[in-house]
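Residues per chain, in single letters:
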Amino acid sequence: MSATVRIPTILRTYTGGAGEVSADGSTLAEVLNSLEDSHPGIRARILDDAGALRRFVNVYVGDDDVRFIGGLDAKVTEGTRISIIPAVAGGADS
Amino acid sequence: MTAVVDTDPAPAHGVRAGAFGNATHLICRECGANAPLGPFYACTECFGPLEVGYEFPQISRERIEAGPRSIWRYAPLLPVPADIATFRSTDPGFTRLVDARNLADDLGLKQLWVKDDSGNPTHSFKDRVVAVALSAARELGLQVLACPSTGNLANAVAAAAARAGIKSVVLVPHNLEKQKILASAIYDTTLIAIEGTYDDVNKLASEIAAEEEGWAFVNVNVRPYYAEGSKTLGYEIAEQLGWRLPDQVVVPVASGAQLTKIDKGFRELIKLGLVEDRPFVIFGAQATGCSPVAQAFRAGQDFVAPVKPDTVAKSLAIGNPADGPYVLDVVRRTGGAVADVDDDTLVANIQRLARTEGIFAETAGGVVVGVTAKLLADGVLNPEGETVVINSGDGLKTLDAVAARVGPDITIPPRYEAFIDFWKERNS
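Chains as they are written, first to last, in this note's numbering: chain B, 1 to 94; chain S, 1001 to 1428.
It is worth saying that the hints were derived from the structure and are not from the lab. Here a beta-carbon is modelled for each residue, glycine too, at the ideal position from N, C-alpha and C. Don't take each hint at face value.
Label pairs and their computed distance ranges (CB to CB) [to be verified]:
1) S:Pro1279 to B:Thr9: 16 to 26 Å
2) B:Phe68 to S:Glu1195: 38 to 48 Å
3) B:Gly19 to S:Gly1067: 36 to 46 Å
4) S:Cys1031 to B:Ile69: 23 to 33 Å
5) S:Arg1088 to B:Ser26: 52 to 62 Å
6) B:Asp48 to S:Gly1273: 35 to 45 Å
7) B:Ala18 to S:Ile1192: 22 to 32 Å
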């Protein structure tokens, strides 16, 4: 499966400045491995030392926050768009 | 007051000297890495949120008291230039601290104050944070003030931009109530309705902020400055109590930033010698239908599992609160707690505050009063301690929440006999 991955500004040093790259895999974990193969070092910025998603990064497969659809096991289908976004964006109010 | 700066603390290129006052750098709250002052909000090392660090000079009570009756009296403690009061803003803050004796009696508290932030220019505490974000945007040369919002924040951004004479763009969910759309659109902002939920709007705003230059999304790419505005709630409470910290404070929790910044404000006042160094306890209040931080607190966790919000308290409906872990840190460090009340209870407590003190709070205020009552009943809040509760917004913004609960007692024809019949029966 080939997916399109949106890269946040602070990780574009790993993608030669590209804001969007392709990666392969049928799960999010596989896509991140593929991303690491093409852009060494990028996975460790998204995952912590224990291999879990970092606390302040949100990853979306399509429109879904992966924390609601299986985390790193989230299924990825052909042509899926994956977005990696810093989680500091605040909420509605207080 | 500040960590040793191990990177170049100079502001980003092109920023004038003194643009951020006594602020010296940004620091990651997760890993401690430093960044220069600029339009940065996420740590390049770990994605952690960045926060403003300072080197404060000596500041006296007299100097603050001589300042304007707005948040700008605390300008030396904010990331704003010394001449901030000369720029056009909504000049928010210095809202009333109400001695709430009737509510105190009703709840069984010895001394209670309501910090009533519905008195701000657009009727919520959001004017404080937006005013500081506007200053950062101006100093960083950003030309568009923007936000994703479900109401209060959109109102504050649109009004502040109008006053400052700059462009604003607010993104809202397409099914937002008409009154909230009108209360932003009236300021001639560009209002874009998004076909999706608030979470979808927020995600889109993050993507726009990353791609478009010159935009200040107040709660995204200038968030470190924006969030500092909430410290002024803490400063004002202390000053209005006669330069004294209360024993306990109950604060609404959505993203959690307001709670953590009130704590930061109190601690800064102690370090600067402006108030006596004595213990204070901070409590967080959520609605049960969106209570990820309360659930994490009860479970003894130091992380917050996201939820899908389902509550009438829309202004607190953030399922994945960015500052949630820091809220847990603050309440545990100070000996407080995070608790929640259901929608029926929060609406009943909007009525309770109105009935006892003549203050009409939005849903978040009902959550705070309801949680205060619950914490007292559970023996968690000290009934003898001097207590401050935050009302963050105006009930006129959330009329739907109470529409089914209050209304005319009776409808009568315009005749004296009809009136007197009703009145006698009412008082019999």
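Practice item. Enumerate the violated hints, using their earlier numbering and listing them in ascending order. Key: 1 and 2
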